[in-house]
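*Asks:* Given the coordinates of chain A, work out where chain B should sit on it, guided by the hints.
From first to last, the protein sequence lines stand for chains A and B.
Going by our numbering, the first residue of the first sequence is number 1, and it counts up by one from there.
Going by our numbering, the first residue of the second sequence is number 460, and it counts up by one from there.
If you are wondering where the hints come from, they were derived from the structure by calculation, not from laboratory data.
Backbone N, C-alpha and C fix where the C-beta goes; we use that ideal spot for every residue, glycine too.
In silico SDA-like cross-links for lysine to any residue, where the CA-CA straight-line distance does not exceed 25 Å:
1) A/268 with B/578
2) A/268 with B/572
3) A/261 with B/576
4) A/316 with B/585
5) B/566 with A/257
6) A/400 with A/442
7) A/268 with B/579
8) A/268 with A/324
9) A/268 with B/559
10) A/263 with A/310
11) A/166 with A/320
12) B/573 with A/258
13) B/566 with A/270
14) B/566 with A/86
15) B/566 with A/269
16) A/313 with B/580
17) A/261 with B/584
18) A/264 with B/585
19) A/268 with A/96
20) A/450 with A/404
21) A/166 with A/310
22) A/264 with B/572
23) B/580 with A/321
24) A/263 with A/37
To be clear about the criterion: a stretch of chain A counts as covered by chain B if any three or more of its residues have a C-beta under 8 Å from a C-beta of chain B, and this derived list gives those stretches:
25) 84 to 94
26) 261 to 269
27) 273 to 280
28) 320 to 330
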Amino acid sequence: MAPAVGFGGLFAAATNGAIGTIEMISSTAACGFIYALTAAQPLTIIGSTGPVLAFVACLAQLGKATSLPFLPLYAWTGLWTSAILFLSSITSASNLVKYLTRFTDEIFSVLISTIFVIEAISDVGGTFTSPESTFTKALLTLTIATVTYGTATVLKGLRNTVYFTKSIRNNLSNFAPTIGVVFGSLLARSARLAHGAEALLPALTIPSKFQSTSGRPWLIPLMDLPVWARFASFLPALMAVTLLFLDQNITVRLVNNPMYKMKKGRRKGNVLDGMHADLLVISALTAVTSLIGFPWLVAATVRSISHVRALSKFDKDGNIESSMEQRLTGMSIHALIGSCVVFAKPRNLLTQVPRPVLMGLFMYLGISALPGNEMWERIKGFFTDKKLAKVEKWSSVPPKVTTMFTAIQVACLGAMLWVKSSPIGVLFPVIIAMLAPLRFGLEKTGIIKKEYMDILDEE
Amino acid sequence: MNSNNSVILHTKLELIIAYITIMKLLCTPILLVLSQYSCVVSAFSVPAQLTVAPRAFSTGMHLHCPKTHGAIRASSKLHMAEEPFLPLDDSTGESVEKEQLFEGLGKGIARDYKARLPLMKSDITDGFNTQVRIIDCLHCNATS
Chain A
1 MAPAVGFGGL FAAATNGAIG TIEMISSTAA CGFIYALTAA QPLTIIGSTG
51 PVLAFVACLA QLGKATSLPF LPLYAWTGLW TSAILFLSSI TSASNLVKYL
101 TRFTDEIFSV LISTIFVIEA ISDVGGTFTS PESTFTKALL TLTIATVTYG
151 TATVLKGLRN TVYFTKSIRN NLSNFAPTIG VVFGSLLARS ARLAHGAEAL
201 LPALTIPSKF QSTSGRPWLI PLMDLPVWAR FASFLPALMA VTLLFLDQNI
251 TVRLVNNPMY KMKKGRRKGN VLDGMHADLL VISALTAVTS LIGFPWLVAA
301 TVRSISHVRA LSKFDKDGNI ESSMEQRLTG MSIHALIGSC VVFAKPRNLL
351 TQVPRPVLMG LFMYLGISAL PGNEMWERIK GFFTDKKLAK VEKWSSVPPK
401 VTTMFTAIQV ACLGAMLWVK SSPIGVLFPV IIAMLAPLRF GLEKTGIIKK
451 EYMDILDEE
Chain B
460 MNSNNSVILH TKLELIIAYI TIMKLLCTPI LLVLSQYSCV VSAFSVPAQL
510 TVAPRAFSTG MHLHCPKTHG AIRASSKLHM AEEPFLPLDD STGESVEKEQ
560 LFEGLGKGIA RDYKARLPLM KSDITDGFNT QVRIIDCLHC NATS
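Bound conformation, chain A alone:
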């Protein structure tokens, strides 16, 4: 629910209210339920992701630059995307994911985290320069966002401390982000009660009735887009396909990891089972969401992995014994999310959540996904004392090679972020598509020897 609400707010800002929180939550609920019911890998959780948000923002800017109406452009791009995804699914093109390695996964994962963090910082930082805001409000925004992030982070780490009993530690740690949101919201409310309008922070914009954020009709007027643009939208659709295809398949590949010991409908050790059917479902959902102006949804990495791990059974040594493979948790999660937009009381409650709280939550989601990412660990390694640093699996690789490998990954990440924020931002998925050939090129040209690549890129 929290990522849906957060992304809804960001979508509203990126699309000037054309796609907002109500669309995001409705899309998450409906598509998530259908996906959990029909997918071949129902443990995957679909939702909006940072790269998709960035792409839609670029598409909105493209529409503005070319004086084209955004929603029809979005719809046509989505329809082309759906058609290409459909072709990809029926030809089993998801098998291409065989050529993606940890090199690509890590850069993609850090990109997602970076987008989360950048969105949070730029939103909070923007309140200091916005003419609509005062210095008091800006300072309060920073405080609330920091408190939300800090609470969630501290409580998440409580599990590994000696405070309280084990039961309390585990429960507080499990509900850390939720407690952070509640705590941040209460703090903002107390500030408003104490200082009045001076401390009134912007909150989520959700219509009091179940209707679109801007009050537009649900069905997008497709014919409002000039004929040439209907065909030209095929080009951004190619970018969207790259993004959705990689986002979906990288995540499902991680969910299908043999370490989770899943058995239902899959061959031993095969990570590709179910991908083609899942892509077909995503293709159908993309077509429907495009027609009604809902955000495109795709497998969300962090949420999917959290879901799978929550359903894993561990032995006494902490190793995964098996996973509880079923559809009911996915269906229940999304049915409950749907109830929040269908019923008035929870909908009104959502309008009480201040925006800085969501930015704190975004910061938490972005940063909490980084530990364990080897690229991130190696980046941190640049700043550590080599004599005191712990032995990592890449410690046997010469430091120069490790540095070069990591620097190339950072350069790829930088290129993606640079292209994303440039006038040709809509093309940034191409860089993601180039990562796999680049990795093989590095090995083939001898820039990184195979023996070192096998260690650095080991799964």
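*Replies:* Same frame as chain A, but now just chain B:
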């Protein structure tokens, strides 16, 4: 008014040309690397045969990786996906089917659903079991 329209049209044309140029520039190195990478090229030329998982299970054939002969590679787990566990013919020990990069229309989807749809009922019933387990877990936490 006409001059405004022509300016807008000119801008649109420039954008389209820019798109095409950039796409060409970005795609050319990808294709070059792809064409040089023999593994990728050979993957496209694998004969049109299909691995059918349910059959492998139903006939009780062994699942085996022909290149590694079951040994787990130290370098990368991805090789497991790259070289899928293929069913072996019991009599000859040879791989009878190979997985290819692109398959016939709808074959991958059919295989996925053929393997998963029969389990739909258990997907629901196991969910109720899961709920029981979660309640059990919470209960254990509360009482521990």
